[in-house]
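K.L.:
Residue numbers (my numbering), protein chains in the order written: chain A, 3 to 596; chain B, 450 to 782.
The set of hints was computed from the structure by calculation and includes no laboratory data. Keep in mind that the hints are not guaranteed to be accurate.
Claimed, not checked - Within a straight-line C-alpha distance of at most 20 Å, the following computed PhoX-like cross-link-like pairs (lysine-lysine) qualify:
hint : chain 1 : residue 1 : chain 2 : residue 2
1    : B       : K716      : B       : K604
2    : A       : K223      : A       : K326
3    : B       : K728      : B       : K710
4    : A       : K326      : B       : K514
5    : B       : K516      : A       : K326
6    : A       : K273      : B       : K587
7    : B       : K710      : A       : K326
8    : B       : K503      : B       : K514
9    : A       : K584      : B       : K728
10   : B       : K728      : B       : K709
11   : B       : K543      : B       : K516
12   : B       : K752      : B       : K767
13   : B       : K584      : A       : K273
Below are the chains, spelled out letter by letter.
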Amino acid sequence: MSHGHDHSHGSHGHDPHGHDHHEPGFLGKYVFSVDHKVIGIQYAVTSLVFLLVGFTMMLIMRWQLARPDEAVPIIGGLLARLGITNAGTRSLLPEGYNMLGAMHGTIMVFLGVVPLAVGGFGNYVMPLQIGAKDMAFPKLNMMSYWVFLAGGIVMLASFGANGGAAQSGWTSYPPLSNIALSGQTWWLVGMVLLITSSLLGSVNFITTIFHLRAKGMSLWKMPFFVWGQLVTAFLLLLAFPPLEAAGVLQLMDRVADTSFFMPAGLYVGDKPVTSWTGGGNPLLWQHLFWFLAHPEVYVLILPAMGIVGEVLANNTRKPLWGYKTLVYSIIFLGFMSFIVWAHHMYMTGMGTAISTFFQATTMIISIPSVIILTCFIISLYGARIRYNTPMLFAISFLPMFAIGGLTGLPLGLAAADIHLHDTYYVIGHFHYVVAPGTIFALFAGIYHWFPKATGRRMNEFLGKLHFWPSLIGMNMIFGPMFFVGIAGVQRRLWTQVDYNLGQLTQSWVVFSSVGAAVLGLAQIPFIINFFSTALAGRKVTQNPWDATTLEWAAPSPPPHGNFLTEPVVYCGPYEYSVPGKKSDFCPQCQPMEA
Amino acid sequence: MSLLAQTTWWLPPDFSEHGWQIDRLINWLHYFMAVLFVGWGVFLAYCMTRFTWKRVSMAHYTPVKAKASKVIEVAVIIFEVILLVVFSMPVLAKYKNEPPTPADNPFEVHVVAQQFAWNIHYPGPDGIFGKRDIKFVKDATNPIGLDRDGDPNAKDDIVSNNQMPLPAGRHIIVKVTSKDVIHSFNIPMLRVKQDAVPGIEIPVWFKVKEGTTSDAIREQMARTVVVPAAGESTTAYELWCRNNLTFDEVKGADGQVVLKKGAEPGKDHLEALRAAGVKELRVGPRDPVEIHCTQLCGLTHYKMRGQVLIQSQADFDKWYEEKAKGTGDFIED
């Protein structure tokens with residue numbers, strides 16, 4: 003470790019800045035910090051803002067779907083300036099809908115969920131949980147955040163590009179994306195920055211976990227959350243480079259007229275395409291894209307599973323059931339996630355030999371998911387469950403993720419996929435995984451670790467006022483999508499009422515939109531809770547949840563360098579309710595005989 | 450509530466010969482998913498209510514010896530293997546690997562997708578497709594670039610915009626491609642879906658059930674629409690009237706015809722219907738079997754809609770002969 007701080011200042015334990023001899027200024031401490039906790043909070047706050055931005059985009063789209071071609075309330079006039087709504091009627095334009103669709107997906111995945119799960123929680127919690135003073139490469143860590151922020155700004159700024167932001171979906175399939183207006187170029191530049199940021203982060207995570215664990219912290223004593231982050235980091239490291247390459251190739255197709263993804267003989271609008279010589283293959287992009295984007299699904303879900311594991315063990319007051327099985331399962335998931343990508347492409351004319359392979363791997367990958375879910379649920383058996391807000395979010399993750407996972411099966415079998423591919427069924431499926439699944443786990447994490455980061459505990463009443471309507475709203479939005487999809491209505495439509503099958507399911511669409519409003523309102527107590535607690539919440543001790551893992555052995559908030567004395571690990575991560583002990587938990591850093 | 454009563458809850462009707470296998474797989478998968486979900490849910494609910502902070506004084510440290518998880522996992526594996534090997538792979542193989550043979554006397558049609566229309570290319574009575582080249586493309590008259598002058602086989606070809614008449618009871622091969630971006634050729638009510646990829650021509654085949662006609666499907670999908678009284682919301686009425694035709698002649702109390710049979714009801718007729726004391730209408734979709742584009746293809750992707758007109762072979766032949774006579778005709782939407 004490069005920064006050799008002196009941590010023998012035990013008596014000054016509650017002063018977060020202790021004997022820091024080269025006290026950094028305000029900028030160095032809170033803005034251009036190399037401290038993993040500050041970077042973690044920067045990531046978390048930035049990504050929460052992006053989640054809100056992405057969510058707002060969804061609200062606008064849901065308004066249009068429920069009330070086709072009617073003026074967007076409140077911000078309709080403002081959006082007209084960006085070419086998203088009609089300047090006269092203030093209703094959402096089809097190009098505006100496509101922009102919001104592409105950017106909602108991009109923002110939620112690459113600027114919201116992943117940076118919160120990995121950049122935020124990973125950065126803040128992981129080094130604490132393994133007993134490290136910081137990440138292995140603090141400056142690389144800082145760079146990772148700033149490159150990420152630059153990527154985010156480029157993405158948002160693209161709304162000001164000529165013709166607006168990218169409109170080709172978050173998947174950006176060529177030739178559509180190649181012939182699109184300049185917003186697509188901004189999107190590609192933004193993606194290259196975001197991918198670079200993720201790569202820097204993943205190298206750092208892997209090195210930190212392998213090299214900076216506290217004395218006694220063997221791999222099998224690592225909390226499940228750390229395992230989740232480790233597998234995630236490998237996925238990012240190995241899956242992102244193909245997309246980075248693909249992004250650069252598409253960028254070249256757009257700005258240098260190469261033809262990697264452009265076949266010959268295209269005729270667009272009223273004239274033949276002459277800017278490209280052709281000879282490329284648009285399906286190549288899909289292979290490269292999904293080679294990333296399927297592992298990306300597990301990048302979205304594994305950190306969430308890690309958080310759920312921590313919160314479950316802590317609030318069931320018993321060891322996580324099947325800890326080793328869980329770890330083997332996520333390693334297996336990580337491995338398998340590299341060989342299922344073409345199940346996104348069954349409709350491209352793929353031969354049966356290849357599709358049989360991908361169907362088989364897709365069925366195989368469902369097994370560890372079933373095992374993980376079963377382990378989590380069995381963990382509740384014989385427990386002593388404490389229903390606080392983090393636990394409510396963590397428990398509800400289980401049935402929500404179950405719906406998301408199970409509905410992947412009909413999509414994974416190519417014959418059923420013939421009917422369901424690219425319908426609302428798909429939207430329902432992956433949103434159940436990511437929204438009431440991952441995002442609920444992330445909320446659980448925020449409520450769980452907030453006392454660690456601030457020394458203050460979030461309000462329980464507001465927490466429950468956040469949880470229950472969110473649970474209802476999420477299910478109101480995404481549940482009906484299965485019916486709309488099974489009825490045969492395709493996704494990415496500005497309005498579906500022109501189609502017979504769309505008419506027959508339009509009432510579900512309206513219902514979903516009402517759910518979106520409910521979900522929106524449900525976030526108000528959270529926002530109030532977040533800021534009021536940070537400023538003036540109830541102060542708590544350094545281990546308010548009576549938890550076992552190492553982060554709770556550091557002061558709240560932990561000072562620069564984290565621990566007052568170097569922690570030594572004596573036991574596994576979830577020694578709760580050990581028979582014969584006075585207390586119902588044995589911290590990892592205390593010998594068991596205490 | 451009238452909206453919900455009209456809502457579809459499950460699969461749309463299917464008029465193809467192969468579709469039942471897809472539907473069966475989808476149904477069985479959902480039974481299986483429901484069993485797993487309910488099983489998990491019941492156990493979860495039991496644990497959540499049984500092992501609360503108040504009812505338990507100390508959690509069990511020793512892990513439960515749960516055979517259940519192994520049983521669940523093995524059962525899931527077995528069931529998935531059965532679904533994959535018995536119910537998915539053979540269906541897909543037939544769908545993808547076994548095209549109709551010449552003995553089946555298949556009828557071949559080409560589909561050339563473009564932003565934002567479906568061009569349907571029929572070979573004409575000679576059964577041979579004329580050559581296509583983008584250098585002959587003229588948007589209004591020759592969207593697929595058919596070589597009408599140079600290629601004698603092209604003389605009797607028929608090109609149709611968004612309208613796709615097809616005979617029932619005959620094997621049909623559709624070769625799907627695109628002029629510009631990727632589209633996806635989807636007929637939900639025939640359980641057909643195939644991406645249209647520029648530069649590649651991909652075949653897909655199916656057979657509409659013998660005896661099916663669009664008229665019969667329209668009857669089958671008919672529904673009753675309540676005419677809203679003055680002052681009531683017309684949103685639902687307008688939605689249900691969209692792209693629908695009336696089945697019967699609608700007469701008022703005085704015997705005056707308000708809507709002719711086959712007319713398109715809508716907002717314009719509302720006053721007249723109310724005045725005549727008409728409470729409800731029976732309507733059916735104008736084009737009951739629609740072609741959807743399921744791949745985002747640009748600005749007006751949402752209205753890239755085609756119509757399949759299913760006819761008896763005899764009716765189809767009549768239409769085919771007639772259209773082929775008008776050489777060079779382009780059939781407008």
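K.L.:
Confirm or reject each hint.
P.N.:
These are the hints, each one checked on the structure:
no.: 1; hint: B:K716 to B:K604; result: violated, 45 Å
no.: 2; hint: A:K223 to A:K326; result: holds, 10 Å
no.: 3; hint: B:K728 to B:K710; result: holds, 17 Å
no.: 4; hint: A:K326 to B:K514; result: holds, 15 Å
no.: 5; hint: B:K516 to A:K326; result: holds, 16 Å
no.: 6; hint: A:K273 to B:K587; result: holds, 9 Å
no.: 7; hint: B:K710 to A:K326; result: violated, 70 Å
no.: 8; hint: B:K503 to B:K514; result: violated, 24 Å
no.: 9; hint: A:K584 to B:K728; result: violated, 76 Å
no.: 10; hint: B:K728 to B:K709; result: holds, 16 Å
no.: 11; hint: B:K543 to B:K516; result: violated, 40 Å
no.: 12; hint: B:K752 to B:K767; result: violated, 30 Å
no.: 13; hint: B:K584 to A:K273; result: holds, 10 Å
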